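Chemist: Top line first, the protein sequences correspond to chains G and Z. Letter by letter, the first sequence follows residues 48 to 417 in my numbering. Letter by letter, the second sequence follows residues 15 to 437 in my numbering.
Treat each hint with caution, since some may be false.
As the list claims (entries may be wrong) - Incomplete in silico selection of chain Z near chain G, CB under 7 Å:
1) Y139
2) A162
3) A229
4) A236
5) N351
6) L354
7) R392
Unchecked claim - Taking lysine to aspartate or glutamate pairs in the EDC-like style, the calculated list, with each CA pair at most 16 Å apart, reads:
8) G/K156 / Z/D149
9) Z/K395 / G/D208
10) G/K373 / Z/D94
11) Z/K195 / Z/D159
12) G/K339 / Z/D169
Derived by calculation from the structure, the hints in this document are not laboratory data. Being a predicted model, the structure only gives us computed values, none of them experimental. Beta carbons: idealized from backbone N, C-alpha and C, even for Gly.
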Amino acid sequence: MDATARLHAAYDARFDIPDDTSRTIGCISAVAPIELILAAGLIPFRLHGRPSQMPTNGDTYMEEEVDGEVRSVFDTLLRGTCADLPLVLLPRISEQHLQLHYYVGEVRKWEPKAQIPPVQIVDVMQTPNWSTGRYIRERLDELARDLGQIGTPITEASLKDAITKTNAMRRALQDLNALRRDGHLPGSDLLRMTNLMGTLPPDDFLALAADLKAEAGPARTAPRVMLSGASLDDPGLYELIESKGALVAADDHVTGERLYAHLVDETADPLDALTEHYQLHAPGLRQFPQSKQDARFFATCKDAAIDADLCVLEDCDDTLGWDWPKRRDALAAMNIHSTLLTGQNYFAPDRAAQSAAIDDLLSRIGKGAA
Amino acid sequence: MTMTTEPLAVTALARANQKDWFQSFRARVLQDGEPYVIASAVSPHEIFHTMDVPVVSIPWYSAVISAKQQSPYYFSMMDDLGYHDRLPRYNTLPYFSTLDGDPERAPYGGLPKPAMILERLRSDYAQRVAELWADEYGCPTFLMDSPALTRLRPDWYKRNQHDWEDLYETHRLDFQVEQLKQLIRAGEDATGKSFSQTRFTQEMHNVNRLGELIAETRDIIARSTPCPVPLSEQLTNVMACTWQRGSQWAIDHATAYRDEVKARAEAGIGICENEKHRLLWLNNGLWFNTGFYRYFEQSHGATFVWSMYSNFLSDGYRKYFTEDPLRALAARHISMNEQLHLPGWMAEWIIQQARDFGASGAVMLTPDSDRMASLGTRFCKLALEKAGIPVLELRASAVDARQWDDDAMRARVAAFIEERVAA
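Bound-form chain Z, shown alone (with noise of 0.2 Å):
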């Protein structure tokens, strides 16, 4: 076995993918007066990938600006306007930094007008964000809304990519696919793009051949030890790819990343010289301290394999079809809050991931001021445990740094991992 603390070649090209592409997008946007839409995570970003309009995903822009350690800044902001502590913090950054208009401060000179701001109703405060934000830039907004699973069938994550129809419930498939054609509708009119279907139906497959690749690094991974990536890069190359998705660019890099992957696992090369313990990382990211993933490869031997964001896009996002591709889409997100949240879909497929990457423990970062991601914890929490999968639970915001204690949090992992995981 070797031990590598390099990282891998691709890393370092998603990551100047990213920047390359937002400065590419900010200079169609500005200087070419192209149009383009601010969309949530959880929202079909397909209809404007197809008409060739760039898409900025809210937690995408507000990872970005956690990790350039600007959070402080805009949170000092929302208190200063009145907005108190408890509201949400992990997916409104993007929106104080409008509120700011400071562009040398804003990440990659922060968001120009949209086009659309687009949003996917999963909570009771993402409609009144986005009109904030939408009276603030003067542009419109595209509310879908989430229709309710009458039934939780098991096994989402077996059956979601081909068994779809049954597993959402037809009548929610269709008033979704009702909602999308009237998205593309509202989105040809507010950028002058017109949808074609035969774009679209590419696509929509090379989604799922994006998904497959990702499936594959998934499993070299989960099936090499010691690890071969940490989970920091894994979330930077499949987050690249995931937002986006459909490209070529998104192929090319998924099986680039794969081929890398391979490479290393193959040759024995791991992250952690004395690989005892495999841990996986629930809930959000932390994403402004992904070095926190890593303190504890050589004081422990423990390694953090996974996390819910490590290969949602080959278990989550792919939906096989041969008729009606924007069915399909409707499928993709129609439930995609409640396969990570939902108790009961929650917590099944975490306990696959666990037996799968050889998972021995779980650290869950539940949110102080983001309650939909805390949404599940404790039935996730008694599944895993009721699995032989302890899991400790650290509170703490996702994205502001002013919170988090990173001693205090060191120890209580330390703790854990020495008196339950190694026990």
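Next comes chain G alone, as it looks inside the complex (with noise of 0.2 Å):
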């Protein structure tokens, strides 16, 4: 089996929680400080939401709001499919996260026979002040110690290995990246690969990702698209972007390429080196100031060379689309075209709609100015 095929079948089978659940600590979203786990001698698996599963238990208490991903895993704990792992960690990148953590200690009040595992708050507030990465450094001090009565005490030595296996998986997902800019690499498999990050024991990530590598096709020259907005649980967009003769250059949202831009510090404290990385670069929708978030999305657009940015918004959007104004404005002073798609329901999302949006930004690409 290929590279590609066996990524494809790693994907597919992302939702398969490992043989040894004792020692598994399940991971809501991308940004679970991963690290930890590893040092413990623990395993991270992380709990992707179900798109293509329509919530059923979890809707009867979480309203239709509510982000589609939150509302799936919400709805996966309700399911009682968990029910074996020890701890799952919910990282706070959102409001909507947050949320989760309040919700899932309400309903078991309501549903006492649910199989409910321990979810723990990871409060990773992201403030980029001083104050608040004291605040958080604490957090993880205790989450060490938690996670050091689950497994193994956690020391520096267990910890600074962690950090560098888990940074070897965000270098091999920078490599690549390199190679998705100049169409050696589907954005789409590069995307699944990005979601894989906590899902496959890092030797294993590590051996696919140097084999996809290794069989990267030729450079593609084809218009450049980079897909920015809500966070991503499904390649299906980039597949329909792809299919029509495009390339997913680059994106810009949560399970995207800001995953792995930045490393944690090997050289400092570790615990310190992990406060600074969650509170300050790991993506979220709590970064701020937003000008600098954006100062870095038009230099990602510049040095990937976009001709167009295809913004795609759920349809409980509060919080992004405040972004897009200046951002279409700046874009344009770059002379690179752009579209919203709002309204993009998480189970449903609207394909047509997107087809058009994506038809109408590639036919723009060559004809004038943005």
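Both chains are given apart, each in its own frame, so use the hints to dock them into the complex.
Modeler: What follows is the structure, encoded as structure tokens:
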């Protein structure tokens, strides 16, 4: 089986819980501090959202205005499929994730027979201030102690080793991203690979990444699209763009290339280094100032020689739409075309509307100023 | 029993005070060059009250814009600029009035440049709007983060006034106190005024006294049948005190409000001649159409007696302290939003209010374009229904009059009263 086929198989199997459940720690979202889990000799397991499965149990209690991934994970927890996990970590990367923490606590009263594992908030507030960093450091200290009690006590050496391993995965993704930029690797496959970090064991992940790199195809010249907006748990939109002959040369969302753009400092105190990484560099809706986020976005567009930006938002978006007018105008000044597509349902995206928006966007490339 | 259609005398005074306060504020800022601060509702205005720096509350000005029927204009502007139609509207109207820059259109002449915009992060958009707004003015922002509760203890409304250290968790309060210290320094730098500890301590005691007066009035309204004061007037008086909490005016006004309500109650004066059903109004107020609360008094004998803002000032703001008023202030704001919207906490308080006020039904306004205000509503509905309190959910914008179908909403509430409350 070639590397791409192995990637697709691994991605399709991403919901399968590892056999050794007593040593497996669930992680909600792609931004969990898996270094601490690895350092305790435990297995991180990402609880992916399931866009193909409409929530049933969860929607009794959770409003449809909540982000699709959060609704989906809440439903998964209520279904009891993760019941045997000793702990699930819930990083606070958005208000919706914080609300999930509270909803899980409340639903235990309403569904006393539901097999819901312990869920622990990881309160990594992302205000870029020193006092916030000290607060996060204390929370990570507590988490390290908790994980050490489930697995083996975390030492400085074990944590540094885990940071090195996780950074190696980030570097591997950076290498693949460089290949994606020039069309050697489809953006859809890079999204799959990115979402396997924290799902595959690090050694398996690195081996697969190396094979993907070795098997990368020739460079392709095609319209170059930036895909921005809501985080994506499914490569469907990437594949739709690629099916029209364009490259998804870059992306700007929580599960895209921002996830591995920054490496944890391997020379500093490891807990301080993790604190700074998850506070200041991990992607999340709470990162600000937005002007800094916008500057990074524009730099990526420039570096990736983007022709057009497609910004896609979920139907319940109350956040990312605030960034759009400023980005639209700045992109136009950079002669980059752009389109905003709102109202996309996580569970039932409007592929016809997406297709029309892509067609329109691609038709404008090469036809004068944006 | 005597029925009255006359408003309370204090209600006119509250309205006049609001207008006078704003005109005085503009004079201080525009003519005298004094600094002021724009702040979210759930942020610690007390810091700036202590420094004699005026604070304009964002939802207060938003409600004023809405009440003056200006929201359609600003929302059209929002559409034209490319902000999509699901973005939150309740707290963002004032930003668009600034962008518009027309003092003839903006209520009371609009908001001049502030010394600072203060936000407490209880969503993922507040910091974005604050940053855009501050860029427009060329002023700094101060953003307060909100640490997560690790566990929810029951009966927050019974514990939060004295037992707040345990309820809100020490590590969270430690962080909040640090943020307050930083805010004091940033506020002093931005305004050129000094923070007085003695004045602050008095301010904190004043807010507690204010809460006691509102609590007394709450109890009078709750036990009096018929209801002596319409919900819209409750809100006018309580919110005026909320925005000016800590001041002597607020204490004096709350005293007069209590006395007038008490006199009415003792005289058996009510607002609905044949009161048969008492209802709660949940979630956001219907600021552009507060007359809606009274549609059903004549037709159905149904009176709205309570909303979430009727006595949050008494139930949620009071924080008694013996040593450190700054820590008490930290406790006041650290979980304010959670108490109003968090599953569990929201419902347990409302159920207690329904029992206290003898309410037999609730109408819940769930905003279409403000999902922070929609959170917790399903749990809340389930809990109220389980407690025997039927709930009607209306989905609409709390501030965008363009989206409100008055006839349809009236018919739905009428049917709800007939089919579920009266049944």
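Chemist: When the structure is checked against the list of hints, which entries are broken? Sort them ascending.
Modeler: Failing hints, ascending: 3, 4, 5, 6, 8, 9, 12.
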